[in-house]
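Participant: Sequence:
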Amino acid sequence: MVDFDALGSDGLFLLHGDTGAGKTTLLDAVAFALYGAVPGVRGEARRLRCDYAPDDTPTVVSLELTVQGHRLRVTRSPEYQRPRRRGRGTTKQPAKASLTWIGPAPCGHAPDGLTRIDEVGLTIERLLGMSKDQFFQVVLLPQGEFARFLRAETSERERLLERLFGTQHFAGVESWFRERRTRRGRELDGRRVAVRELVARVAQVAGDEPPEDGADESWLAAAVERISGVVAVSAEREAAAAAEREAAEAELVERRAMADRVRGVRAATAELAALAEEADRRESWRAELAAARRAVAVAAAERERERADRLLDAALSTEDSRVAGAVRLGHREVDAEVAELRAAAGRLREEAGALAGLLDEAERQEADRARIAELDRTERAVRHRVDELGARLSLLPQQIATARERLDESAAAAAALPAVKSSMDDAEALARDAARLPEVEKAVKAAAERNRRAVDAHQQAREAVLDVRQRRLDGMAAELSAELVDGRPCPVCGSSVHPQPAWLELATVTAMDEHQATRAEQRALDARQSAAGALKEVEQERAALLERLAGRTAREIATLRRKAIREHERAAQLAGRRAELANAVRELEIEAERVRDRRGAGERELAAIERERAGLAERTAARAERLDAARGAHPDVASRRAHLLELAAAVDALADARGERLAAAD
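Residues 194 to 859 (my numbering) are what the sequence shown spells out, left to right.
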């Protein structure tokens, strides 16, 4: 346990120690607790558990920190392989993360803390204000990573530093100034264009070329002076032209009045001449007019006689026509007097009036017969519809039962879908294990070969150490004699006289040689242990794969996988149609109820049609006897009544014509 609060109580503190003492491990633990990852190549290796940790010791990091005034504890555990509690092999220990508030939780956060890895990561990133990469680049400063931050793109560093130091306000001010400069620049360009256009118009009016370097006050003053002179001259010319125009208009009015008077005199003179030439003709016209006035009375009497003759001829012709019309309609007494004809016409009208009461019955008779025909058509249509509804109603129970069976199958498939999905996932995992087994076998062979070579190398290094050590022992006397000095006691026998010291040969092994051989043997031992650990790891992986495969061949696994996929697809398809099938069952049941209702309504409508048709048939039969007697030889009563009225009108017309003929003769 490391208390950073105590270490940082005086400000700065230093982590130092020999290589391998655990400085980087401590920083990695802090980084892993916050973000679930470690910086650099260590994070790419994804091996955070110690290889020498006991199997029953969990790998857990717990960090307490204070951020933005809130105290919290973050606990994380990486994903790693652990031995199975039952049986042989290993199983995967999933990664875990939790966040607990020490004290009151911030507003908007769950008071009980968080246990999902993604929620913990998002909360830490939101509180610290930095992502994992930004924290590694700026705060943790791992070896070699700070240089990459310095070499990063300017935009990337700018975004990171803005987020760290809160410079968004200054960026907003800078953006405001930039937008204001752009807007003012556009306004200035627009006003410059307007000034150039105005200068061009002024130059056009002044009859001068616009200055290339822009207009100044002297040019404008000179242009205004020239334009003022032109305006003054133009005003004088305009006044003179207006006076001339007024004089011309007055003269034009006067001459037009004189021309009108001349034309009037000429017309009057011509009219007087024409009247003088026609004086004799007007005299003959007056004599003819007097003679005509004297013959008016005789002509009027003649015209009256001629009119009486025409009236008599017309009355005779009309009488003959009326006689023919009456005869054509069946009246035989055409030679009767006027009074007799009037009486006959009255009798005919009385007979027609008696038939007027039967016209309504005749209309009702036709309406009732049309209604009977309509009821017959309606009955056939309704009966056909009832038959169709009955046929449909007989089919619906079987369709509903089939739809319910399909719905039950879909529900069963939906209930079994998790198990089928699990079976498919297991089959997929077996397929991946089967595909990985050859690779693991190769890795086992390669690891075994490396282990064999490492064992051989260690044995050779061990033999070399023993050889060097033996050789050093053999040459130890010469090594001791090389250190003998006359007068100094021997470290072996204590004598200060050395009459016959051993000679140091060139091939004598020294302590340095033995030390180097021992170090080489230690390196070979480390390599041997590393190779043995790698071999054990891949052998455990192979054993786990073989245990999961349980002796099944690749073909059997492929068949099992295809079968699991087909079963999952079928179950997913059936489960996906559950709502559709439920709607189909509900619609069929609703349709069955609707068909029963419509069939009952049709049967009731048929009964009503039969009752109405029976009543109409009885009434039309009784009414037909009266109407047959009243129509006589005519198609119907209305035809007979119309004939009687037409005959009465013809007799009346004959009486009128005969009376007019007698009056004309008188």
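Don't read these hints as lab results, they were simulated from the structure.
Accuracy of the hints is not assured; some may be wrong.
Mimicking DSS-like on lysine-lysine, the simulated pairs with C-alpha atoms at most 25 angstroms apart in a straight line are [to be verified]:
1. K638 / K756
2. K614 / K729
3. K729 / K756
4. K729 / K325
5. K325 / K216
6. K289 / K756
7. K285 / K614
8. K729 / K635
Label-pair distances were calculated between CB atoms; the ranges are [said to hold, decoys possible]:
9. A612 / R655: 51 to 61 angstroms
10. L200 / L666: 47 to 57 angstroms
11. F206 / A612: 27 to 37 angstroms
12. A432 / R374: 50 to 60 angstroms
Since the model is a prediction, treat every value here as computed from it, not as a measurement.
In this text, a Cβ means the ideal position worked out from N, Cα and C, and glycines have one as well.
Participant: Does each hint fit the structure? Answer for all of them.
Facilitator: So, going through the hints one by one against the coordinates:
no.	hint	result
1	K638 / K756	34 angstroms, violated
2	K614 / K729	34 angstroms, violated
3	K729 / K756	35 angstroms, violated
4	K729 / K325	35 angstroms, violated
5	K325 / K216	20 angstroms, holds
6	K289 / K756	35 angstroms, violated
7	K285 / K614	20 angstroms, holds
8	K729 / K635	14 angstroms, holds
9	A612 / R655: 51 to 61 angstroms	58 angstroms, holds
10	L200 / L666: 47 to 57 angstroms	52 angstroms, holds
11	F206 / A612: 27 to 37 angstroms	57 angstroms, violated
12	A432 / R374: 50 to 60 angstroms	55 angstroms, holds
Taken one by one, the earlier hints fail for this structure at numbers 1, 2, 3, 4, 6, 11, listed in ascending order.
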